[in-house]
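Residue numbers (this note's numbering), protein chains in the order written: chain A, 1 to 301; chain B, 1 to 301; chain C, 1 to 261; chain D, 1 to 261.
I should point out that these hints are in silico values taken from the structure, not numbers from a laboratory. There may be inaccurate statements among the hints.
Below, a list of computed lysine-lysine pairs in the DSSO-like style, where the Cα atoms sit at most 27 Å apart [to be verified]:
#1 C:Lys147 - B:Lys276
#2 D:Lys77 - C:Lys77
#3 D:Lys259 - A:Lys201
#4 C:Lys77 - A:Lys276
#5 D:Lys87 - C:Lys12
#6 B:Lys286 - A:Lys203
#7 D:Lys259 - C:Lys84
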Amino acid sequence: MDLKINIGNIQLPNPVGTASGTFGFGEEYGELLDLSQLGAIYTKALTPMPRDGNAVPRLVETPSGILNSIGLANPGIEKFLSDKVPFLETVKCPVILNVSGSTEADYKEVIERTDNLECIDAYEINISCPNVKHGGLAFGTDPIQVENLTGKLRKLTVKPLIVKLTPNVTDISVIAKAAEAGGADSISCINTVRGMVIDTKRKQSVIPAGISGLSGPAIRPVGVAAAYTVSRAVKIPVVGLGGIMSADDAIQYLLAGASAIQVGTGLFVDPLLPIKVLNGIQQYMKENQLEKISDFHTFIN
Amino acid sequence: MDLKINIGNIQLPNPVGTASGTFGFGEEYGELLDLSQLGAIYTKALTPMPRDGNAVPRLVETPSGILNSIGLANPGIEKFLSDKVPFLETVKCPVILNVSGSTEADYKEVIERTDNLECIDAYEINISCPNVKHGGLAFGTDPIQVENLTGKLRKLTVKPLIVKLTPNVTDISVIAKAAEAGGADSISCINTVRGMVIDTKRKQSVIPAGISGLSGPAIRPVGVAAAYTVSRAVKIPVVGLGGIMSADDAIQYLLAGASAIQVGTGLFVDPLLPIKVLNGIQQYMKENQLEKISDFHTFIN
Amino acid sequence: MKQFISTVIELKSIAEDYFLLSFTWIPDSTPAAGQFLTIRTTELSSPLLRRPFALSSFDNKSKTASIIFQKRGEGTKIMSQLIKGDKLDIMGPLGNSFSDFKAKSDNTKKKQVIVAGGIGTGPMLYLAEEMREGGIEPLLIVGCRTKSLIPFSSFNKNIETVICTDDGSFGFKGNVIDYMNSNDKLTSDVTIYCCGPEPMLKGCHAYAETTNNTCYVSLEQMMACGIGACMGCTCETEGEKKYARVCKDGPVFKSSEVKWT
Amino acid sequence: MKQFISTVIELKSIAEDYFLLSFTWIPDSTPAAGQFLTIRTTELSSPLLRRPFALSSFDNKSKTASIIFQKRGEGTKIMSQLIKGDKLDIMGPLGNSFSDFKAKSDNTKKKQVIVAGGIGTGPMLYLAEEMREGGIEPLLIVGCRTKSLIPFSSFNKNIETVICTDDGSFGFKGNVIDYMNSNDKLTSDVTIYCCGPEPMLKGCHAYAETTNNTCYVSLEQMMACGIGACMGCTCETEGEKKYARVCKDGPVFKSSEVKWT
Ligand SMILES: Cc1cc2nc3c(=O)[nH]c(=O)nc-3n(C[C@H](O)[C@H](O)[C@H](O)COP(=O)(O)OP(=O)(O)OC[C@H]3O[C@@H](n4cnc5c(N)ncnc54)[C@H](O)[C@@H]3O)c2cc1C
Ligand SMILES: Cc1cc2nc3c(=O)[nH]c(=O)nc-3n(C[C@H](O)[C@H](O)[C@H](O)COP(=O)(O)OP(=O)(O)OC[C@H]3O[C@@H](n4cnc5c(N)ncnc54)[C@H](O)[C@@H]3O)c2cc1C
Ligand SMILES: Cc1cc2nc3c(=O)[nH]c(=O)nc-3n(C[C@H](O)[C@H](O)[C@H](O)COP(=O)(O)O)c2cc1C
Ligand SMILES: Cc1cc2nc3c(=O)[nH]c(=O)nc-3n(C[C@H](O)[C@H](O)[C@H](O)COP(=O)(O)O)c2cc1C
Ligand code: FES
Ligand code: FES
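In isolation and in its complexed conformation, chain A is listed as follows:
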């Protein structure tokens, strides 16, 4: 049985990663699970300058989900280089840096200043955070901007570029194709779904920022639908995520057409979930006589 998958010019040992923003830069979870078993760590978003993040509270629970507005709180490149890279250099699984920003220049700067780091195997380009605005809507809602940005970043690095898409668009396949045309090696989807919770006692949004991002099992059907749609629109591999809480959920994504998956909110409920998901995928492959991950893609068309 072969669990390896290829994304651009790299190979991931298995399809199970940890979603950006839910796993920090890996240190904390390293105490709870064996990082070397992961297919990849997708780090917290990195922006050139440190970001404090949004006003508190930043989290609220919803039926089978959570709403968050962290606001890309992160240490910025300087502190990343000094405080996080030494740890990442010790990590045995692939590390994929999630790159964010408010302007094109931000994305470029992050890649330029980290491209020489050996511990970074690929970039995930986060153009889909609902908690940071570019003229009202997320970057990743306009196919022309997406193709442009991807094209420009493409020139800066030979490392794989995984473009992360938002589900909050009319037609995600158009955005996926734009990223592919711009030179993306892979598409990951989905980022969080726009949502809001109002505190009826205080008569205001629970999260001061207002509309925020919904994640967790509540949105799993939305993620599976997106992974299915995108897989049929592009030729590059798709990384599926959104609400994965079990191996069966992950297998839904793989059958829908994804080549890899990420566990996000599920980590908060069970830190060992990535390992359990990986074991479950292996067992399913055995029971169903699948030899490699691409065999999952032969059933649904």
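We have chain A; now place chains B, C and D with the ligands onto it with these hints.
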């Protein structure tokens, strides 16, 4: 305390209605709750010709939600006139006919052939069903089409037109404004969210139609965000729905800017929910000294 | 049909993962064999939908009803922890019944054969009891995978009962269709009533076709409203209308009216 | 920090809607007063997140830990139905502790005043116990709305304890700040440790400011990961960094470092 709300040239006795497609034409639920207490019944979609609906199974449960692909199964105008109207004529609350179709002509025909019926108080124009396709995407994703269609239907009737929007768009405020520009008296949102569930044993979509519509508490934050966004984009009243399971949920919609709400999936769990929601709204108004529904709109901006 | 708050009288394990739940019956109407009810299993949002179960008995004097259910997923897991005195949010009785059809077929001289399997056992015990009380002597054929799944305590000794197990660990070895095929007396002049897994329904239908008899089956489908309003629970039918609602037009159908796939 | 499966030893009601839950402790590390753990309350998807609770006692010999919790919403409702022998998915010990700061302040001659209220009572009982065992005689001040909310059985008679009720139904009538203001001996040379509702924390902070003393508070915030990875549980702080993580940099902070709003 005044619970009445105005939509176009009619008045609803209170803001609590039952969502289209979850309440049929009211007969069945009439055995379980007192229809005369409702703010309005929003009927099952009506199309000119009868529709059998989509292949089975049409339903599957998801975390805190359900996915459905009914496919607008309905009796068509003839049978509606002969079988449903006699009952609707006995109903004491306002009745709002949900109008659907595959072409502009379909919508027109439904309105033309029912406009003379006294038992129909208003129309809800369903341009947002994810289970019926117009060239791949729902009608309601293109602002130009939405304004056009609304404008044309506007000429056919003086009854209020409530245009029902899908959340599956990049910017719902653009679509809402288009409907308003076309002459809509109100916007209702949201219809279901695109989603998919895969049966990993059978290795195919549980629902044969594939991508279907997600409803229930899982999507409540999505609905509240949409109601909030649309309320700020248009001047006409907004009808909010999606995942309402309690009075508190309904109050979230009212605080977000909605003037009325609908209970959909919640009916399946508790048929008496609309009555409970109405009582809860009244109690909240008393406790918070709100005199009319528009007082809810003074807190969040 | 009524929504009511019932009180649990007893929950009892009757076979591996099978439970008999009896509870107070509030509506005035008397439920008939084949009718079902829906239960709200939690006040939380997951599992969300009410769960449908067919009645397995009804006692008009004590206004006590019961269902037999199998623990399968989260909803029935919660139900398997009910204790005496717990409150249950129930809606019922729902749907049509075997009795609707029995009335029509009673006056024929045919042998009434009741075939049950798995989670379909409950309603068929009720149907057999109903017939016996009405002076008809039905034959009850129950199919199970293995002995541990047989709810022995639920059978009435006064009803002729044949038990079939797939593995031969009790009674007839083979499935219910094998048994019917092996029993000469059954090939003609029978009316079959069946509730059980899909292959059993299909088998009974095919048997009835071959032997030129009538067969009634109770279908299962995912349900949302349970009362005919949402069009969610349809099954494919032969004839003019392409679909029928299992919850309202069924759950019992003449097997020749169902489109078997 | 470790994720482990613990076994419930006892669940006991100690006041209106308050419970003491004791369970086996598997990690090698010894939790300190102020540290917390998170509990997964269900395998269903709702309530989804693990729930955080501060430790209220720890017995190193029997490897038994406990928490005191209030039944508030769905998560704690499920917990209030636990019985001996049930398995619990626990992560802990998490966060810093009062003990971290106590170590620094111990050697001063100041009176150690421990102020507790509501769901903050658990960790403060533990802190008082810790001090007593370390040879310090703290003063424990507990504030409650009314008598029925006082967990009498949880107090240790060997610790000087003052109980305040808002309605005067037991002990001192008034809140804990009123009590401190009414007690001359407390106005100077005290170190205050507080865990309780926000107004109590603020009150203790203000009291400490006015009297020129140091105060440590344990904060609450919605948590997702509980281990410092998600940046979800931050609180506003004075100083260079705008926010600190309650789960990892706290939950215990020097009150002057917290930005009070
Ligand atoms: C008319 C009818 C009568 C039934 N009578 C009985 C009975 O007498 N005894 C018995 O044990 N079972 C009966 N069932 C099946 C029973 O409803 C399911 O076993 C139960 O809903 C499972 O719920 P769960 O949460 O435990 O399992 P889940 O894991 O949620 O579901 C297991 C399977 O049960 C079915 N199911 C789940 N929810 C529903 C729903 N809302 N509507 C219909 N099917 C659903 C689905 O096929 C699903 O795959 C009946 C079903 C129908 C439609
Ligand atoms: C560090 C810390 C220590 C705590 N120690 C105790 C304790 O010793 N005893 C005690 O009774 N309670 C304690 N709490 C509070 C406890 O976590 C909540 O009461 C509990 O989570 C409520 O869950 P619920 O599902 O019953 O209620 P819900 O109705 O879901 O929530 C009620 C309130 O609890 C809080 N809450 C819910 N989920 C979380 C979460 N994941 N993280 C943080 N807060 C949440 C929210 O403020 C919410 O408004 C502590 C909280 C924190 C952050
Ligand atoms: C607390 C939190 C923080 C997140 N931060 C980021 C981020 O920095 N960059 C990013 O691309 N996605 C971020 N996300 C989105 C997740 O990576 C993921 O796309 C989303 O949560 C859906 O997956 P899930 O349901 O498994 O959590 C964040 C999500 C959560 C819950
Ligand atoms: C079974 C089902 C059938 C539906 N049919 C229709 C329909 O015919 N027309 C329509 O406008 N919306 C239809 N909807 C969408 C609902 O009216 C509503 O917009 C959606 O379900 C969200 O609300 P809820 O979460 O309260 O159910 C249907 C929804 C369900 C669950
Ligand atoms: S479940 Fe709604 S029509 Fe049958
Ligand atoms: S809860 Fe994740 S950082 Fe504190």
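Which of the listed hints are not met by the structure?
-> Violated hints: 1, 7; rest satisfied.
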